[in-house]
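Kindly generate the complete structure, drawing on both the sequences and the hints.
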Amino acid sequence: MPFLYVRVVKAKISNPDAESSFCAKLVIGTHSIKTKSQAANKEWDQVFAFDKEGLNSTSLEVSIWAQKKNAEKDSIDETSAGTVSFDLQEVPKRVPPDSPLAPQWYSLEGEGSPGNDVMLSVWVGTQADEAFQEAWQSDSGGLIPETRAKVYLSPKLWYLRLTVIQTQDLQLGSGSAGSEPKVRNPELYVKAQLGAQLFKTSRTIIGSSNPTWNEDLIFVAAEPFEPFLTITVEDVTNGQSVGYAKVQVATVDKRTDDKSEPRSRWFNLIGDENNKPYAGRIHVRVCLEGGYHVLDEAAHVTSDVRATAKQLSKPPIGLLEVGIRGATNLLPVKTKDGTRGTTDAFVVAKYGPKWVRTRTILDRFNPRWNEQYTWDVYDPCTVLTIGVFDNGRYKHDEGGIKKDVRLGKLRVRLSTLDTNRVYVGTYSLMVLLPGGAKKMGEIEIALRFVCSSWISLIQAYANPMLPRMHYVKPLGPAQQDILRHNAMRIVTMRLARSEPALGQEVVQFMLDSDMHMWSMRRSKANWFRVVGCLSRAATFIRWLDGIRTWVHPPTTVLVHILLVAIVLCPHLVLPTIFMYAFLIIALRFRYRQRVPITMDPRLSYVDAVGLDELDEEFDGFPTTRSVDQVRVRYDRLRALGGRAQTLLGDIAAQGERLEALFNWKDPRATGIFVVVCLFASLMFYIVPFKAFVLGFGFYYLRHPRFRDDMPSVPMNFFRRLPPQSDRIF
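For the sequence shown, the residue numbers in numbering that gives the first Met the number 0 are 0 to 728.
None of these hints come from the bench; they were simulated from the model.
Please read all numbers here as calculations on a predicted model, not as lab measurements.
Simulated pairs of lysine to aspartate or glutamate, EDC-like, Cα-Cα distance not exceeding 16 Å:
hint, residue 1, residue 2
1, K51, D86
2, K309, D375
3, K394, D362
4, K438, D599
5, K472, D256
6, K24, E42
7, K155, E225
8, K33, E77
9, K523, D599
10, K313, D375
11, K190, D271
12, K190, E214
13, K24, D116
14, K664, D725
15, K41, D116
16, K199, E233
17, K523, D611
18, K41, D16
19, K68, E18
20, K92, D128
21, K33, E60
22, K92, D50
23, K11, D116
24, K190, E233
25, K335, D362
26, K402, E504
Here is the structure:
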């Protein structure tokens, strides 16, 4: 993108007034900007970058103004010290790696300007110029920090494992006068807190031996760590604390695998009541687990699967290059001056721990960024997330902190990209609102996945998705879900404390922090995804039924011939199947999907969902809707649950029928089955297996005139077996 650069270094003023300060004023058509005020002959050394596409004049005027405070009128009087003009068509061009253009002295023209000079340089460059980052930028509001391009890094996350073993010498106290008498066998539990995370052990009763738990409590710890992990022993019977101990997180041992057992430690408990210096001691084992990968985003869109410990990471297998070119036809999301709509758009991209944020282009519906970023790729089966937002945080004079408004999001799965190929395209930005899905515009991006080692890339498909510790000492699904949401909150909080801040609403939108919330739309979308996968099996079953009912007689005859070939030459079955799969899949290569960078509204089921269901999805937790609305939604959920309940009952009944066949629940049915098994064993002993397969195949494919419309005998027999549905209230 071409920019006009103006570097104003300093001015030389003859006979300056000691009480006056001087500033430089740049004017290009309707664009006007001043430098900071300085004393005479002092340097400004400021760079201004004007977007050439937004200029409405072919000349640049640089003037020097003397500013003097008028005490009588309580104002500042300005006097021109001269002007110098430039024809923009004559400005030289500079492209890095050319050296910077040296500033030159220019004589000022005008009244009262003899002997006045200004040192400056003017050139045309791009945003790749080294002066661009620190320059005043016309398209992003000047020197506003909230509109500048930035790179953020997520904090390094660890799992902290606390193993509570036992306690000794607990000083439970006998109770003061007038208080409740001491309970003979009180119930105790241990709770631990790290920052805002709080977990508890199960309860145990004090008997003749010391209370023992041997339970693991796992926290998410982010560098720099919280100073202390607080461990407290609580008495359930009186609801009071027995004592607490603090563990310095910085002194906790780190391990990378399960082969080394962390050392156990004893800590003295300090009593809360009357600040008792000793209330017993607790035996625990604490360590920071570096062999896990701490998930901070939804598992199906994860962008990094490396272990926390750096020594376990392998070299990158490639490089991901992303060019964020621009957006078109963005819709206005706010008003400017109360008269017209406007949009101040910026883009956020996340892959792994690295977040990038483009500069904000103010008041444009077709912004151009043309910014390029790169990431190291360690696993091809990961996802890049790109989101577009409207900047609502850069105006500080309107009071309060406004939130950034989401305009849409894209995801790119790297495994769907061809290596060393550039993908350039324009993709729709869709956002889900309470009124339905809305197209907010389009974004133009360029992508390239550069592979440095084909051997490592192919080998990655044989490696497990997650580090070894996830399989050696796995975490439960519910526990992992809780830890993932704790990690999301930590990342959101840390990035919100950056300068400038990456808003909480931006991070949550990029990480899909609300994926665990109930949504009728997502439930329907997942249901139809299951139906879509099972449709292949249904198509095969319909084809097979067409064969056995002789819908197309030539095909059925060919299947008979194929059956005979399989029975006579069984050793050719597997080679034939794999050769057939090879030919079919290889021929489908030319029809593969060409544009993998899409968010599918049809797959998301946003066009066929009611407004009330969308309102339910956007409702917070707990609900804020009226009682009548909640009652309607509850009744709808009960109806849906009733259908699911019936389906689960039918599935359970089939398994119970099979179990009843072997457990003599129905003595007559099981007796018949036993006799059939006896005759079947004698028949298979006498009849060759090939003859049985051939006979069964011909019987299954017999002509419809030899068929009966009623269900088969085995099906009738199975359906008469007793389930346990009649024993349920």
